[in-house]
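Read top to bottom, the protein sequences are chains A and B. The opening residue of the first sequence carries number 64 in my numbering; numbering runs sequentially from there. The opening residue of the second sequence carries number 83 in my numbering; numbering runs sequentially from there.
Calculated directly from the structure, the hints in this document are not laboratory data. Watch out, some of these pointers could steer you wrong.
[As the list claims (entries may be wrong)] Looking from chain A toward chain B, a few residues come up when the C-beta cut is under 10 Å (computed):
hint, residue
1, Ala-68
2, Gly-72
3, Arg-75
4, Phe-76
5, Phe-131
6, Gly-134
7, Arg-136
8, Asp-139
9, Ile-141
10, Ala-142
11, Ile-143
12, Lys-147
13, Glu-150
[To be verified] Computed beta-carbon distance windows for the label pairs:
hint, chain 1, residue 1, chain 2, residue 2, range
14, B, Gly-198, A, Ser-95, 47 to 53 Å
15, B, Lys-212, A, Phe-131, 18 to 24 Å
16, A, Phe-273, B, Gly-198, 42 to 48 Å
17, A, Phe-276, B, Ser-211, 36 to 42 Å
18, A, Leu-87, B, Lys-205, 24 to 30 Å
19, B, Ser-211, A, Leu-161, 33 to 39 Å
20, A, Leu-87, B, Leu-253, 47 to 53 Å
21, A, Lys-67, B, Asn-88, 38 to 44 Å
22, B, Thr-349, A, Phe-78, 50 to 56 Å
23, A, Ser-284, B, Ile-320, 53 to 59 Å
24, B, Lys-212, A, Leu-149, 31 to 37 Å
25, B, Leu-253, A, Ala-206, 36 to 42 Å
26, A, Phe-78, B, Asn-103, 48 to 54 Å
27, A, Phe-131, B, Asp-204, 19 to 25 Å
Note that the structure is a prediction, hence the values are computed from the model and not measured. Glycine included, C-beta positions come from ideal geometry on N, C-alpha and C.
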Amino acid sequence: MRTKALLLGDIRFQFKYGFYFLYLIFTILYISLLYALPAAWREQAAVLMIFTDPAAMGLYFMGAIVLFEKGERVLDSIAISPVKPLEYVVSKLSSIALIATAVGLLIGLGGGVVANPFFFVAGVFLGACLFSAVGLMVAVNIATLNQFIVATIPAELFINIPAIAWLFGWKPGWLIFHPGVCIIELCQNGAYALSAAFILVVWTVMSALFARFMLAKSLRSLGGEKL
Amino acid sequence: MIQVQNLRFSYTKQPFIENMNFEVQNGEIFGFLGPSGAGKSTLQKILTGLLTAYAGSAIVNGSEVKSHDNGFYENIGVDFEFPSLYEKLTARENLRFFASLYKQHQAIDPLLDNVGLLPDADKKVADFSKGMKTRLNFIKALLHDPVLLFLDEPTSGLDPSNARRLKDIILQEKAKGKTILLTTHNMYDATELCDRVAFIVDGRLRALDTPRNLIMSRGASQVRYTFALDGREVHAEIPLDRTGGDDVLQRLVRENRLLSIHSSEPTLNDIFVELTGRRLQ
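Looking at chain B on its own, in the form it has when it is part of the complex:
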């Protein structure tokens, strides 16, 4: 669906995106992770044809992006990080207008219903909360049922239940065979949704793999436990896959002397920090 080879881009004389190479397969959810200013949004703008002065190759849906025609946009949907809606029109009027720009589009009411906005369909967008605008902006990208979706921080500013609702829709779209590019600095969303993630820092691709492989590359999960010894609280830690050989732990379990025990898995954020020396959030 997407092939990027030796991609380079610069806003000024300084290189910004440097020698980037990756592919995204059909039906995959592919995440771009990185801190603010890392180049994630620039990469999305290149792949959606908003930035065309790049060097190298970026092929999206069979077309070199810099030489795309406007039919290119019949097959891609873009959810920008910030709402792009007519404030004085209602939610339904906005969706009707944007739907009319495409050759074919989905029914509007089920989309509104999916994100809980059907009761507010005839309210002006200016009267919407930030979260409602985010949800409306999200379904605007789905209107024409595109095969490729670009989602930029889709759950940003949403309460947990609405974030869950949007993530479920993203997974439903994947189940329908859609390819989804997710730009985010939210490691939890990326871990849950993405088949593969790319770490981007300072315009470079620092790592690319499945979230599980990236997490496992740091080593196994750890088990931490505490127990009392000579009136003191003692802490111990052992890899999860070696607990069977830890005689102290075995004896403490048999004698019911454990004060606490829990496992801890590294997160994508830990891996990101380890590989790049930067934090995602």
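Isolated chain A, as found in the complex:
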């Protein structure tokens, strides 16, 4: 029940703070851009857009959300409420992943790349959760947006480069264990999609648990403890 209450609160927060408006703008922009591209490029372009936007934007949006909450001292109130760190993480990740999946589906349908809706939705949803978890891990330990952008660069390089290489044809078998590659494979309904789904679930759960650990540590440090 409390996770549901948190989720509804997060959706309201994201709506009021203009995150949904930003998603809308990106969706319109990307679908327009897709139709401006030659038809032969459209599939790869659509998958790249979905990977780098609805999925990966979770990382930045999560950073912005946590920084807003820190700036308005709302995390202090969360820390002295019955909310458990895992409930907070699940709610934040789900709220971002839900809107990311909706936007991803719109772009995917617009680009005509949704071959298997189940794998496609799993790829975008789990990918958004994964990126958001990374965003949360970083955001709880920093104070400004500039610090956040710099601190997320290594994670972005680690997730993005192999995934983009896979999308453009460099596909050694072992790379399927990479989380970014799993997202691409699921969105494209590739030959390894089923394996990719399981591997991505493992990455996402691990990331969520690590984000929970980082959040719990951060909430304890709100009191001023050096941890």
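Keeping the supplied structure of chain A fixed, place chain B upon it in accordance with the hints.
The following block gives chain B in isolation, referenced to the frame of chain A:
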């Protein structure tokens, strides 16, 4: 409700809270008084579970604070000194959200009405004045009807009429049987509201008693009076409980020759200065 024994805490290698011992009874308003940086807020953070790396024992509502579970927070309400609210949500949306985090909560509109915010319930918090945010933050701590309230400078920045309104609500909560810990450096609030106060300086408990006992420990109130003698104005002072034996005063009263007369009671601030050598404000 609260038992603190041999409590020690440090942010660095230097001890900050040192060997603190006290108890707070059910239904009591207990005040922590001290200047800024004395350790009042740190103590509140320990008792609310935000700082857990302490030594000694701090038992709140039957639980050792450092090993509390999240159900611990169903029964305590915390009003931080600074507002912790979503600025782009309205007052009502903020309260609805925070209320939804607890198993049970009070109706929102009567709470807003109690602090005079009902007409502004659907305004964004960003458009609120500092005093309005303080009042909203205060009722946020009451939302789930907790048995134990931690209030950190609850009247800070409020105009006298709104400060009065909040103090009345604090007294109403006490009348309902709630236990209230008030952290403040406002001696007037502490004198008026607290059953007992603890003076905290440099992380140590310097005194703990009722405001009346602390004030009386300094001695009786004084009566000061002035009168004219040989064309000069003369000042005299005598303890209130010895005015019956002051022949000069008696004669001046009989002869209507007093130029002025007034009594002066020591304040908690006077006692604080006397005991600690520091000022509260």
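Against the structure, the hints come out as follows:
1. Ala-68: Holds. Min distance 4 Å.
2. Gly-72: 4 Å, holds
3. Arg-75: Because about 7 Å separates Arg-75 of chain A from the closest Cβ in chain B, which is inside the 10 Å limit, the hint holds.
4. Phe-76: Since chain B brings a Cβ to about 6 Å from Phe-76 of chain A, closer than 10 Å, the hint holds.
5. Phe-131: Where the cut-off is 10 Å and the nearest Cβ of chain B is about 8 Å from Phe-131 of chain A, the hint holds.
6. Gly-134: Holds, because the Cβ-Cβ distance from Gly-134 of chain A to chain B comes to roughly 9 Å (cut-off 10 Å).
7. Arg-136: Hint holds; Arg-136 of chain A Cβ to chain B Cβ min 4 Å, cut 10 Å.
8. Asp-139: 5 Å, holds
9. Ile-141: 8 Å, holds
10. Ala-142: Constraint on Ala-142 of chain A satisfied, holds at 6 Å.
11. Ile-143: 5 Å, holds
12. Lys-147: Hint on Lys-147 of chain A: holds, closest Cβ of chain B at ~5 Å, below 10 Å.
13. Glu-150: Glu-150 of chain A check passes; min Cβ-Cβ to chain B is 9 Å, inside 10 Å.
14. B:Gly-198 <-> A:Ser-95: 47 to 53 Å: The hint (47 to 53 Å, Cβ to Cβ) holds, given that Gly-198 of chain B and Ser-95 of chain A are roughly 50 Å apart.
15. B:Lys-212 <-> A:Phe-131: 18 to 24 Å: 20 Å, holds
16. A:Phe-273 <-> B:Gly-198: 42 to 48 Å: 46 Å, holds
17. A:Phe-276 <-> B:Ser-211: 36 to 42 Å: Holds, at about 40 Å.
18. A:Leu-87 <-> B:Lys-205: 24 to 30 Å: Between Leu-87 of chain A and Lys-205 of chain B, where Cβ atoms are some 26 Å apart, the hint holds.
19. B:Ser-211 <-> A:Leu-161: 33 to 39 Å: 36 Å, holds
20. A:Leu-87 <-> B:Leu-253: 47 to 53 Å: 51 Å, holds
21. A:Lys-67 <-> B:Asn-88: 38 to 44 Å: The hinted range 38 to 44 Å holds for Lys-67 of chain A and Asn-88 of chain B, with Cβ atoms some 43 Å apart.
22. B:Thr-349 <-> A:Phe-78: 50 to 56 Å: 51 Å, holds
23. A:Ser-284 <-> B:Ile-320: 53 to 59 Å: 57 Å, holds
24. B:Lys-212 <-> A:Leu-149: 31 to 37 Å: 35 Å, holds
25. B:Leu-253 <-> A:Ala-206: 36 to 42 Å: With a Cβ separation near 40 Å, Leu-253 of chain B and Ala-206 of chain A satisfy 36 to 42 Å, so the hint holds.
26. A:Phe-78 <-> B:Asn-103: 48 to 54 Å: 50 Å, holds
27. A:Phe-131 <-> B:Asp-204: 19 to 25 Å: Roughly 21 Å apart at Cβ, these two residues keep to the hinted range, so it holds.
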